[in-house]
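Q: Based on the provided sequences and hints, a complete structural model is requested.
In case you want the letters, here they are:
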Amino acid sequence: MPKIPLIAVVGNPNAGKTCLFNSLTGANQKVGNYPGVTVERISANAKLGDIEVEFLDIPGLYSMHPKSADEEVATAAILGSAEHPKPDLLVCVLNAANLERNLFLYSQLVDAGIPLLVALTMTDLLKPNGDTVDVPRLAQELDAQIVVVIGNQGRGITALREAILENLGSPRVPHVDFGLPPFLEENVTAVKERLARIGMDIPRAELRIGLLEPEPIFRKKLEHVPEVLESFDSARNAIGVQGIAATSVVSNRYDWAAKLTAQVITHVGIPKRTVSEKMDRILTHRIAGLVVFVGVMYLVFQSIYTFASPVMDGVESVFGWLGTAASSRLESIPWLQSLVVDGILGGMSAAIVFLPQILILFVFISILEGSGYLARAAFLMDRLLGWCGLNGRAFIPLLSSFACAIPGIMAARVMPDPKSRLATILVAPLMSCSARLPVYVLLIGAIIEPKFGAAWAGFTLFAMHLLGLVVAIPVVYILNRGVIKSKRIPFLLELPPYQLPRLKDVWIAVVQRGRVFLQTAGTMIFFMSILIWAASYFPRSDEAKARYRLEYFAAPRSGREDAYIREQELRNSYLGQAGRAIEPVFLPAGFDWRITTSILAAFPAREVVVPSMGILFTIGDQEPESGAMRKAIQGAKWPDGKPLLTEWTAVGLMVFFALCAQCMATLATAKRETNSWKWPLFMFGYMTTLAYLAAVGVHQLGRILGY
Amino acid sequence: MMSFDQLQRNMRARVSTIEPNPATLRLQEMGLTVGTEFSVAKVAPFGDTIEIRLRGYSLCLRKCEAAGIEVELI
Numbered sequence: 198m199p200k201i202p203l204i205a206v207v208g209n210p211n212a213g214k215t216c217l218f219n220s221l222t223g224a225n226q227k228v229g230n231y232p233g234v235t236v237e238r239i240s241a242n243a244k245l246g247d248i249e250v251e252f253l254d255i256p257g258l259y260s261m262h263p264k265s266a267d268e269e270v271a272t273a274a275i276l277g278s279a280e281h282p283k284p285d286l287l288v289c290v291l292n293a294a295n296l297e298r299n300l301f302l303y304s305q306l307v308d309a310g311i312p313l314l315v316a317l318t319m320t321d322l323l324k325p326n327g328d329t330v331d332v333p334r335l336a337q338e339l340d341a342q343i344v345v346v347i348g349n350q351g352r353g354i355t356a357l358r359e360a361i362l363e364n365l366g367s368p369r370v371p372h373v374d375f376g377l378p379p380f381l382e383e384n385v386t387a388v389k390e391r392l393a394r395i396g397m398d399i400p401r402a403e404l405r406i407g408l409l410e411p412e413p414i415f416r417k418k419l420e421h422v423p424e425v426l427e428s429f430d431s432a433r434n435a436i437g438v439q440g441i442a443a444t445s446v447v448s449n450r451y452d453w454a455a456k457l458t459a460q461v462i463t464h465v466g467i468p469k470r471t472v473s474e475k476m477d478r479i480l481t482h483r484i485a486g487l488v489v490f491v492g493v494m495y496l497v498f499q500s501i502y503t504f505a506s507p508v509m510d511g512v513e514s515v516f517g518w519l520g521t522a523a524s525s526r527l528e529s530i531p532w533l534q535s536l537v538v539d540g541i542l543g544g545m546s547a548a549i550v551f552l553p554q555i556l557i558l559f560v561f562i563s564i565l566e567g568s569g570y571l572a573r574a575a576f577l578m579d580r581l582l583g584w585c586g587l588n589g590r591a592f593i594p595l596l597s598s599f600a601c602a603i604p605g606i607m608a609a610r611v612m613p614d615p616k617s618r619l620a621t622i623l624v625a626p627l628m629s630c631s632a633r634l635p636v637y638v639l640l641i642g643a644i645i646e647p648k649f650g651a652a653w654a655g656f657t658l659f660a661m662h663l664l665g666l667v668v669a670i671p672v673v674y675i676l677n678r679g680v681i682k683s684k685r686i687p688f689l690l691e692l693p694p695y696q697l698p699r700l701k702d703v704w705i706a707v708v709q710r711g712r713v714f715l716q717t718a719g720t721m722i723f724f725m726s727i728l729i730w731a732a733s734y735f736p737r738s739d740e741a742k743a744r745y746r747l748e749y750f751a752a753p754r755s756g757r758e759d760a761y762i763r764e765q766e767l768r769n770s771y772l773g774q775a776g777r778a779i780e781p782v783f784l785p786a787g788f789d790w791r792i793t794t795s796i797l798a799a800f801p802a803r804e805v806v807v808p809s810m811g812i813l814f815t816i817g818d819q820e821p822e823s824g825a826m827r828k829a830i831q832g833a834k835w836p837d838g839k840p841l842l843t844e845w846t847a848v849g850l851m852v853f854f855a856l857c858a859q860c861m862a863t864l865a866t867a868k869r870e871t872n873s874w875k876w877p878l879f880m881f882g883y884m885t886t887l888a889y890l891a892a893v894g895v896h897q898l899g900r901i902l903g904y
Numbered sequence: 159m160m161s162f163d164q165l166q167r168n169m170r171a172r173v174s175t176i177e178p179n180p181a182t183l184r185l186q187e188m189g190l191t192v193g194t195e196f197s198v199a200k201v202a203p204f205g206d207t208i209e210i211r212l213r214g215y216s217l218c219l220r221k222c223e224a225a226g227i228e229v230e231l232i
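Read top to bottom, the protein sequences are chains A and B.
Taking this note's numbering, I'd label the letters of the first sequence as residues 198 to 904.
Taking this note's numbering, I'd label the letters of the second sequence as residues 159 to 232.
Simulated from the structure, these hints should not be mistaken for lab results.
On a predicted model such as this, the values are computed, not experimentally measured, just so you know.
Any given hint could be a false lead.
[As the list claims (entries may be wrong)] Below, simulated DMTMM-like cross-link-like pairs (lysine to aspartate or glutamate); rule was C-alpha separation at most 25 angstroms, straight line: (1) Lys-389(A) to Glu-249(A); (2) Lys-475(A) to Glu-195(B); (3) Lys-868(A) to Glu-766(A); (4) Lys-283(A) to Asp-321(A); (5) Lys-221(B) to Asp-247(A); (6) Lys-221(B) to Glu-474(A); (7) Lys-834(A) to Glu-758(A); (8) Lys-283(A) to Glu-363(A); (9) Lys-221(B) to Glu-249(A); (10) Lys-456(A) to Asp-206(B); (11) Lys-283(A) to Asp-247(A); (12) Lys-456(A) to Glu-230(B); (13) Lys-475(A) to Asp-206(B).
[Said to hold, decoys possible] A few chain B residues that face chain A, going by a derived Cβ cut-off under 10 angstroms, partial list only: (14) Gln-166; (15) Met-169; (16) Pro-180; (17) Ala-181; (18) Thr-182; (19) Val-192; (20) Ala-202; (21) Asp-206; (22) Gly-214; (23) Ala-224.
Think of the CB as a built atom: it goes at the ideal place given N, C-alpha and C, for glycine as much as any other residue.
A: Below, the structure is given as structure tokens:
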């Protein structure tokens, strides 16, 4: 079978690359990971005439000298390496409204020596000012074919397709003189000769990039050939990578770009204030801008709350209905009934219930990003988040984590700096998500409110939500100094002109995120739910059940018979046994085996804790608001008759829930986003430790103060 | 001559010298090379982050991260 031609779409961030890629491919894009890194590889197969081709969306980059993992992957994918096949053709996206800087990258891409053609975007942004671009002249100077594409109107896509076909048939490698210093070329030649002596060959372009790279990444490729490495190192020293030479190469390229831009872009009259500049007078104003920002964020999260809740309720009632239906059909086989209803349907429902929030959040993120507002908001927020080692872009992931950490973690991809992104992912689950609310409501209603009144109840609820945020600050600080080893890259942010986001691009982004979530987190939650179900169901036998029934009638009891049996069954299940075995561990926090078991059962999904406490405190499945549950918790006692939950233990338990990583879906999402088990395990470890220590601390403080 | 972090809103300046290090190399790759003229468009609330206009586009950066760049006012 003939090889499918690989066409890489490459360009600066904000050059209109994603829009163009979506227009070329449609929604059937494959989202995977590049081997070994967290960078997503987005590709799609498509038909051009009779030929099948593969389009590859290269992450946006500013320079071929990579500073971050994303850029390293982008560079490797362009130049080709062991893991990445070299593209057959580059579609180089140049933004006409920001031509000078886009031409800088172009000059480096030409050096790569790969056939390319140019897609010139955003020419429509020049028009309001009366500016024009001389396309034939530009094509001549760039030594490449140019297709003018207005991505958000879909204009020029057909012409681009034809041009791609044509260039695949007769590839063109441009030759342009960028006025680079001669000593650079001499050193490239020297290394090339050395390579030839041992029968190796590396394209000049790649050597040039290697000789100039600030960090020795390319150098690793030569480590197995010491004689070449020696000549490479002396060439690098001669050029003086960190010194004036590297600087002058960048300047040479920019001088070329500036001269060419002046030649091809004609300004008519005095440049007017653009619409974007006018909008920015308000939107990035230090007071008005902040007001608008708070308003926009309020709108976003209010909408998530308003629109997601009914859909989530719908999902839950559909699964509830399925559960009832399955339940009645499987009554004759109790274990299968429980597996299907509690294990499989319960697990699927726990996964799918997050989907509405994810989809709605990503509708907003892609609108904010596509319109250019996200960059402004990051600019406004940078100082506020910057001092503890995050940057302005972290506000979206952190705020959305108050609804749910899963979309929050997925939203951390708005941060191009891998170090800040990882730090954000690791603290996102500390934000108090909506699944913690039922626990707070139950405990505050049962213990705090009766004793201290409604005002303190409200304050406790607020304090619980604040706690995660307060804890996150020192955690990020420590993470950035000790734990996350990757390099910090400088915070640079381009403010692109405002644009109306295209519906198609929003749609594709949202579908992509939804699919990724269901594929990864979905399967994980599914299997973990079955595992925990099995641990809480087995061992179980009819004899044991009969024994519990006898026990129930042997002594006067407050609860119902079936509830008592369920409590005993859970108590003697593997999970219950484990809960009782580790009761001593949680004794310093003032938790008995019932609370301990509920905590264990809640590790896959923390919202499980309320129903499990319901079972263990012998009142059966009850809504947390219902009075029976509150009474049972208020009345719960230690075997010696002392009340189980004092206000200190209750606060300790809430603090435990506020800080603990009790959500399989979050861990699975973190695994997907960081592409390794290391970070979700670390997240689990540090959060659980923190939660335990805090709960113990609260209880012990209460004891010292004499409760 | 003044250092980058002394810049105020609405100032126009030209890059005069650049201390070579990886952070300033990236800034040069973004177009802030010796001799480049730019204006300061905005200073973000709470300080350090500023928006400059250069080579026909808007770039935000932190003053502290551009410490190796000296400029002269024009």
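Q: If a hint holds in the structure, say so; if it does not, say that too.
A: Evaluated hints:
1. Lys-389(A) to Glu-249(A): Since the Cα atoms of Lys-389(A) and Glu-249(A) sit roughly 36 angstroms apart, the hinted pair is violated (cutoff 25 angstroms).
2. Lys-475(A) to Glu-195(B): Holds, because 22 angstroms separates the two Cα atoms, which is no more than 25 angstroms.
3. Lys-868(A) to Glu-766(A): Answer violated: Lys-868(A) to Glu-766(A) is near 34 angstroms, above 25 angstroms.
4. Lys-283(A) to Asp-321(A): violated, 33 angstroms
5. Lys-221(B) to Asp-247(A): It is violated: about 54 angstroms lies between the C-alpha atoms, which goes past 25 angstroms.
6. Lys-221(B) to Glu-474(A): It holds: about 22 angstroms lies between the C-alpha atoms, which stays within 25 angstroms.
7. Lys-834(A) to Glu-758(A): holds, 20 angstroms
8. Lys-283(A) to Glu-363(A): Holds: Lys-283(A) and Glu-363(A) sit about 19 angstroms apart, inside 25 angstroms.
9. Lys-221(B) to Glu-249(A): violated, 49 angstroms
10. Lys-456(A) to Asp-206(B): violated, 33 angstroms
11. Lys-283(A) to Asp-247(A): Given that 25 angstroms is the threshold and the Cα spacing comes to 23 angstroms, the pair holds.
12. Lys-456(A) to Glu-230(B): Between Lys-456(A) and Glu-230(B) the Cα gap is close to 23 angstroms, so the pair holds against 25 angstroms.
13. Lys-475(A) to Asp-206(B): holds, 23 angstroms
14. Gln-166: violated, 14 angstroms
15. Met-169: violated, 17 angstroms
16. Pro-180: holds, 5 angstroms
17. Ala-181: Holds: closest Cβ of chain A sits about 5 angstroms from Ala-181(B), inside 10 angstroms.
18. Thr-182: holds, 8 angstroms
19. Val-192: holds, 6 angstroms
20. Ala-202: holds, 5 angstroms
21. Asp-206: holds, 5 angstroms
22. Gly-214: With a closest approach of 6 angstroms, the Gly-214(B) hint holds.
23. Ala-224: Holds. Min distance 8 angstroms.
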